[in-house]
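Order-wise, the sequence lines are chains A and B. All residue numbers for the first sequence refer to UniProt numbering, where the first residue is 1 and numbers rise by one. All residue numbers for the second sequence refer to UniProt numbering, where the first residue is 1 and numbers rise by one.
This list has only true hints and no planted wrong ones.
Keeping only pairs whose Cα atoms sit at most 25 Å apart, straight-line, the calculated DMTMM-like set for lysine to aspartate or glutamate is:
#1 345/B <-> 71/A
#2 309/A <-> 361/B
#3 331/A <-> 302/B
#4 321/B <-> 318/A
#5 358/B <-> 361/A
#6 329/B <-> 306/A
#7 345/A <-> 306/B
#8 68/B <-> 361/A
#9 309/A <-> 350/B
#10 360/A <-> 318/B
#11 345/A <-> 71/B
#12 358/B <-> 78/A
#13 345/A <-> 78/B
#14 65/B <-> 318/A
#15 329/B <-> 361/A
#16 331/B <-> 302/A
#17 68/A <-> 361/B
#18 345/B <-> 78/A
#19 331/B <-> 306/A
#20 345/A <-> 182/B
#21 305/B <-> 350/A
#22 329/A <-> 306/B
#23 358/B <-> 306/A
#24 321/B <-> 361/A
#25 331/A <-> 306/B
#26 360/A <-> 71/B
#27 358/A <-> 361/B
#28 331/A <-> 318/B
#29 360/A <-> 361/B
#30 345/B <-> 302/A
Derived CB-CB ranges, DEER-like:
#31 212/A <-> 64/B: 50 to 60 Å
#32 53/A <-> 342/B: 35 to 45 Å
#33 78/B <-> 339/A: 15 to 25 Å
These are calculated hints, taken from the structure and not from any lab test. Each residue gets a CB set at the ideal place from its N, CA and C atoms; glycine is no exception.
These are the residues of each chain, in order.
Protein chains: 2
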Amino acid sequence: MAAPKNKSALSENESPSTPNSIGQKSAEKIKALRKKKLDIDQLLQDILNGNKTALSRGITLIESKNVKHNDQVNTLIEGCLPHANQSVRIGITGVPGVGKSTFIEAFGNYLIEKHGKKVAVLAVDPTSSVSHGSILGDKTRMEELVKQEDAFIRPTASGDSLGGVAQKTRESIILCEAAGFDTILIETVGVGQSETMVHSMTDFFLLLKLAGAGDELQGIKRGIMEMADSIVINKADGENKRPAERAKSEFRKALHLYPIKNSEWKPKVLLSSALHNQGIDEIWKMIESYVSSTQANNYFYDNRKEQNKFWLLQTINEHLKSNFYNQPKIKIALQQQLTAIENNKTTPFEAASYLLNKAKEL
Amino acid sequence: MAAPKNKSALSENESPSTPNSIGQKSAEKIKALRKKKLDIDQLLQDILNGNKTALSRGITLIESKNVKHNDQVNTLIEGCLPHANQSVRIGITGVPGVGKSTFIEAFGNYLIEKHGKKVAVLAVDPTSSVSHGSILGDKTRMEELVKQEDAFIRPTASGDSLGGVAQKTRESIILCEAAGFDTILIETVGVGQSETMVHSMTDFFLLLKLAGAGDELQGIKRGIMEMADSIVINKADGENKRPAERAKSEFRKALHLYPIKNSEWKPKVLLSSALHNQGIDEIWKMIESYVSSTQANNYFYDNRKEQNKFWLLQTINEHLKSNFYNQPKIKIALQQQLTAIENNKTTPFEAASYLLNKAKEL
Chain A
1 MAAPKNKSAL
11 SENESPSTPN
21 SIGQKSAEKI
31 KALRKKKLDI
41 DQLLQDILNG
51 NKTALSRGIT
61 LIESKNVKHN
71 DQVNTLIEGC
81 LPHANQSVRI
91 GITGVPGVGK
101 STFIEAFGNY
111 LIEKHGKKVA
121 VLAVDPTSSV
131 SHGSILGDKT
141 RMEELVKQED
151 AFIRPTASGD
161 SLGGVAQKTR
171 ESIILCEAAG
181 FDTILIETVG
191 VGQSETMVHS
201 MTDFFLLLKL
211 AGAGDELQGI
221 KRGIMEMADS
231 IVINKADGEN
241 KRPAERAKSE
251 FRKALHLYPI
261 KNSEWKPKVL
271 LSSALHNQGI
281 DEIWKMIESY
291 VSSTQANNYF
301 YDNRKEQNKF
311 WLLQTINEHL
321 KSNFYNQPKI
331 KIALQQQLTA
341 IENNKTTPFE
351 AASYLLNKAK
361 EL
Chain B
1 MAAPKNKSAL
11 SENESPSTPN
21 SIGQKSAEKI
31 KALRKKKLDI
41 DQLLQDILNG
51 NKTALSRGIT
61 LIESKNVKHN
71 DQVNTLIEGC
81 LPHANQSVRI
91 GITGVPGVGK
101 STFIEAFGNY
111 LIEKHGKKVA
121 VLAVDPTSSV
131 SHGSILGDKT
141 RMEELVKQED
151 AFIRPTASGD
161 SLGGVAQKTR
171 ESIILCEAAG
181 FDTILIETVG
191 VGQSETMVHS
201 MTDFFLLLKL
211 AGAGDELQGI
221 KRGIMEMADS
231 IVINKADGEN
241 KRPAERAKSE
251 FRKALHLYPI
261 KNSEWKPKVL
271 LSSALHNQGI
281 DEIWKMIESY
291 VSSTQANNYF
301 YDNRKEQNKF
311 WLLQTINEHL
321 KSNFYNQPKI
331 KIALQQQLTA
341 IENNKTTPFE
351 AASYLLNKAK
361 EL
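Chain A on its own, in the form it takes in the complex (with noise of 0.2 Å):
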């Protein structure tokens, strides 16, 4: 490229083309946007006519850390929120080892076959951005429902935050109700806030258990029998059928001691055996009766105004964040402070103020 003559200190770095190129560069340019723009339009239109492929092409988009494709991700979710919203978004949450997969498969088999749903599955877990998905990464444990043509399974979204997280999760969310799932099943390990941040997203919260030695109600989190609409104890099967009625009956007298919940719905306890489809139907009719009576008495409405809110702020806040980590002159002095703190050369205060004030500038 020739240097042009008469340099002045005006002249911008990030303009190497002579002048008379400038017009095909651009001709260039906006083709190549209008290219962009028309993936962004066909993979809407394809998410909408239900392609499964394209549903998960926009979740990676979703999930896509350059800051580039925010754009079309705004795109993309604009496009999808007139045909989202209608879904019932079950939360499902259970210590490991209690099941989880095995009754999402199950359940979800079972609302595909006998009531022609269309299930999309995600999960939420604080932990994969350090194990990289420890819940559903392995795919072949629901081997039954992955191949059905009116299943959608997705293993978590890895982010750096909870909020991160469980913001992709929300926004996956409107692209599988706008491929037309109509039952959203939301998985999550129980670890720190997760349950919290799921049922914030959810209408109906499942908490699955294990029947144990007589100590039921040990461990369990307070807060989380609060949230539950539902403690399903799973494995209730063979030898371990007693020990499940008895848990059952315990946990029934416990939920009696929680004050009525705003939705005047009273948390039920049932069986399952997920391995031999048993206690399934029992489970659809009682979610399906759950949200029969909070339509009529409009809390199924008022609580998912509520999320919106919530969401708006959650909504807000990471985007604050994203816009101020991100940006790469931030992501250099950040990594020069933090070096400094390890060194005592400053305080998170000193260091805090000053990158603020580098913001600023920038």
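Chain B: place on chain A using the hints.
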């Protein structure tokens, strides 16, 4: 006021004064600014001299929601920082009824009278923004300690979020240390994430428990057990003595099951009767032993560095949020968007992007 003639399009609303009065007004402004500056310098000096009234005023300034005070707060904290860090920070948690106030009263008096310590008591209570300070609110609960010259007791900072409350508490620690307080006790109710917050700003974490009816481990959150450097079974007197001994051995066994901590410290289980001043001496000796062993293996210092890195990020995040939400135009627009969500006129994503774009224009 006479309207200026020939008002041009460039005239500003904010300048109602006539030209010949500018000199005088400016002088007054400068004087007022100097006075403000002087006040903060004086306040800082008084705090460094150990004046408790000044310390109180400084913390009130930190807690101020008036964004105009931000600069003064920064000046104050920057002035205090070189004199901070010379203390042991002890977090104390336990459910209501466990006797936290009585314990802190007995422990604080003991430290002052037997060891010549200067003791500051602060609190983190995420529920305080609703209930207006449920812990330490009633100062008479520590009637002996509050009379001590070398004690400083401060009720809960209030705030809109746990993050905000924690930030103010953390800044208050700096001021207390600069005022010469060498032992900082930070009380928390066992609600939500408040323990995690307090754990992230203290050197030693103490969990108060009561002896129960053989179900000691029931209802105790696993995360709390993992954070505890010591479990103290309080009210171990009279008829409670034997159940307390049993609880002690049960907790010891349970703690053995946890992995070794990075501090290499093995959490201890002790008994106390704060009401009868029993066990207090042993508890302090244990904390001294913790401090000397973790200072020897450097964990004490490394942990503070890690906490500082965490607090750098927390400080930035809180500033990003308060800068955004405190803009008057955003406050109004946010209320409008929340109402629109309530009336199903918008979605959280649309509302968030509207508000984020609005902030860019400001």
